[in-house]
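A.B. asks: Assemble chain B onto chain A, guided by the hints.
Chain by chain, the residues:
Number of protein chains: 2
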Amino acid sequence: MKREKVSTAVIRRLPRYYRNLEDLSRAGTVRISSGALSAAMGITASQIRQDLSCFGEFGLQGYGYNVENLRREIGEILGVNRGHRAILLGAGNLGRALMENFHFDRSGFSLAAAFDVDPAIVNTTLAGVPVLDVAELEAYLRKERVDVAVLTVPSSLAQSITDRLVRAGIRGIWNFTNMELTAPATTAVENVHFADSLLTLGYMISDSDKE
Amino acid sequence: MKREKVSTAVIRRLPRYYRNLEDLSRAGTVRISSGALSAAMGITASQIRQDLSCFGEFGLQGYGYNVENLRREIGEILGVNRGHRAILLGAGNLGRALMENFHFDRSGFSLAAAFDVDPAIVNTTLAGVPVLDVAELEAYLRKERVDVAVLTVPSSLAQSITDRLVRAGIRGIWNFTNMELTAPATTAVENVHFADSLLTLGYMISDSDKE
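Residue numbers (the numbering used here), protein chains in the order written: chain A, 1 to 211; chain B, 212 to 422.
This is chain A alone, in the form it adopts within the complex (with noise of 0.2 Å):
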């Protein structure tokens, strides 16, 4: 399959892709016209075919894209077959939320343990998973082969549990702290920054009113 150089800017629809050809999949939908899945994405038709085309011929002059085919290859790229590993830390509102309602496996991740310092959690289980107390996080590490940690901890441990887990050989953090993390750059980080996504909102209804 060729592959090109692909454009972040791309590589952040990808997921998008992933994710709606996943409910067309779910849904039964065999396959899918360009038109079609540009309606149900909110993307333009040759958004699309030029997005796909990036990573090789995927779609059929006059039948549109395999939804099955799209999806896997898709999920591919991504990497969702290479049975990524996460760890969770702080298993405060926010972090029991992603535990007992957020789909790891349809990212291509299982959630191995949980870390908190509360007495009443540690060593429980929450929605399956092992809470553990995070002194034990770097024997943990040592022994346990993990990918990329959820960080749900308290902005003010943010950073001093980041500088552990880059020791320790982290390869990705999940950061859903308001912090801006200082981290290697052989440490992916990726930010959910609620803030900024309410201020984006904030802005383009006030922006709205000025018309």
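Hints are computed from structural coordinates only; laboratory data are not their basis.
A hint or two may mislead.
A few chain A residues that face chain B, going by a derived Cβ cut-off under 8 Å, partial list only [said to hold, decoys possible]:
1) R16
2) R96
3) E100
4) G172
5) L201
6) I205
7) S206
Far from chain B, by Cβ distances over 10 Å, these chain A residues were calculated [stated by the list, open to error]:
8) R19
9) S53
10) C54
11) A112
12) D133
13) E136
14) D163
15) A168
16) S197
Fair warning: this is a prediction, and the values are worked out from it, not measured in the lab.
We put the CB at the ideal spot given by N, CA and C, even for glycine.
C.D. replies: Just chain B now, with coordinates in the frame of chain A:
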């Protein structure tokens, strides 16, 4: 103040500037060079100068930026002083995590009410916010000014609640469900898609495997 047409990429960075300037301001920092702001934010100094020049002349050669002035100006652009009012739909784990821990006020919003179907919490107060029956949604929106709805309902209800909000004239939806919502262009939708974010992180660490 001069105000050019601003690109989406710049708009997306403004909340990060605002958040970092807030942190600096709270820490008592009076002025900062673009170099130091660059180091704190992980954006190049020339990018910072270019971004901020879209909104007028903030920096002074040899002085840098006045933190509080710049924070106030960017806050003004983002609309944080407009007293936006939000409601939250679905006070489950994630909804409660936001109600209890997220500082709506720092993004210029107040959370006026939450709506749920669970009789155990309807007509109680969570984190100081009244929880009402979702059956009262339309009546509430006729009576109260609400700018934005925070959508933390189960995915299966996301579109039907969106339709009700749109009919009631809501101007913005902060969507935490994993659904692509259908809404008219007059309703701004800002998505927080956890799965897309984790898939991107999975791609980043998979990509580094190949190198």
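A.B. asks: Each hint: holds or not?
C.D. replies: Okay, the hints, checked on the actual structure:
Because the beta carbon of R16(A) sits about 6 Å from the nearest beta carbon in chain B, less than 8 Å, this interface hint is met. Of the supplied interface hints, the one on R96(A) holds, with its beta-carbon coming within about 6 Å of a beta-carbon of chain B, less than 8 Å. Interface hint at E100(A): satisfied, since its Cβ lies 6 Å from the closest Cβ of chain B, which is below the 8 Å cut-off. A cut of 8 Å between beta carbons decides the hint on G172(A): the least distance to chain B is about 5 Å, and the hint holds.
Because the beta carbon of L201(A) sits about 4 Å from the nearest beta carbon in chain B, less than 8 Å, this interface hint is met. This hint holds: I205(A) has a C-beta 5 Å from the nearest C-beta of chain B, less than the 8 Å allowed. Annotation: S206(A) was flagged as interfacial toward chain B, and the flag holds, the nearest CB pair being 3 Å apart, inside 8 Å. Annotated as non-interface, R19(A) brings its C-beta within 10 Å of a C-beta of chain B; the closest such distance is 6 Å.
Non-interface call for S53(A) relative to chain B: holds, since the shortest CB-CB distance, roughly 18 Å, exceeds 10 Å. Every Cβ of chain B is farther than 10 Å from the Cβ of C54(A); the closest lies at roughly 13 Å, confirming the non-interface assignment. Every C-beta of chain B lies more than 10 Å from that of A112(A), the closest at about 15 Å, which supports listing it as non-interface. Listed as a non-interface residue, D133(A) keeps its Cβ farther than 10 Å from every Cβ of chain B; the least gap is roughly 22 Å.
With a minimum CB-CB distance of about 23 Å to chain B, E136(A) clears the 10 Å threshold, and the non-interface call stands. The beta carbon of D163(A) is kept farther than 10 Å from every beta carbon of chain B, the shortest such distance being approximately 16 Å. Annotated as non-interface, A168(A) keeps its C-beta farther than 10 Å from every C-beta of chain B; the closest such distance is 15 Å. With a least beta-carbon separation of about 5 Å from chain B, S197(A) fails to lie farther than 10 Å from that chain, contradicting its non-interface assignment.
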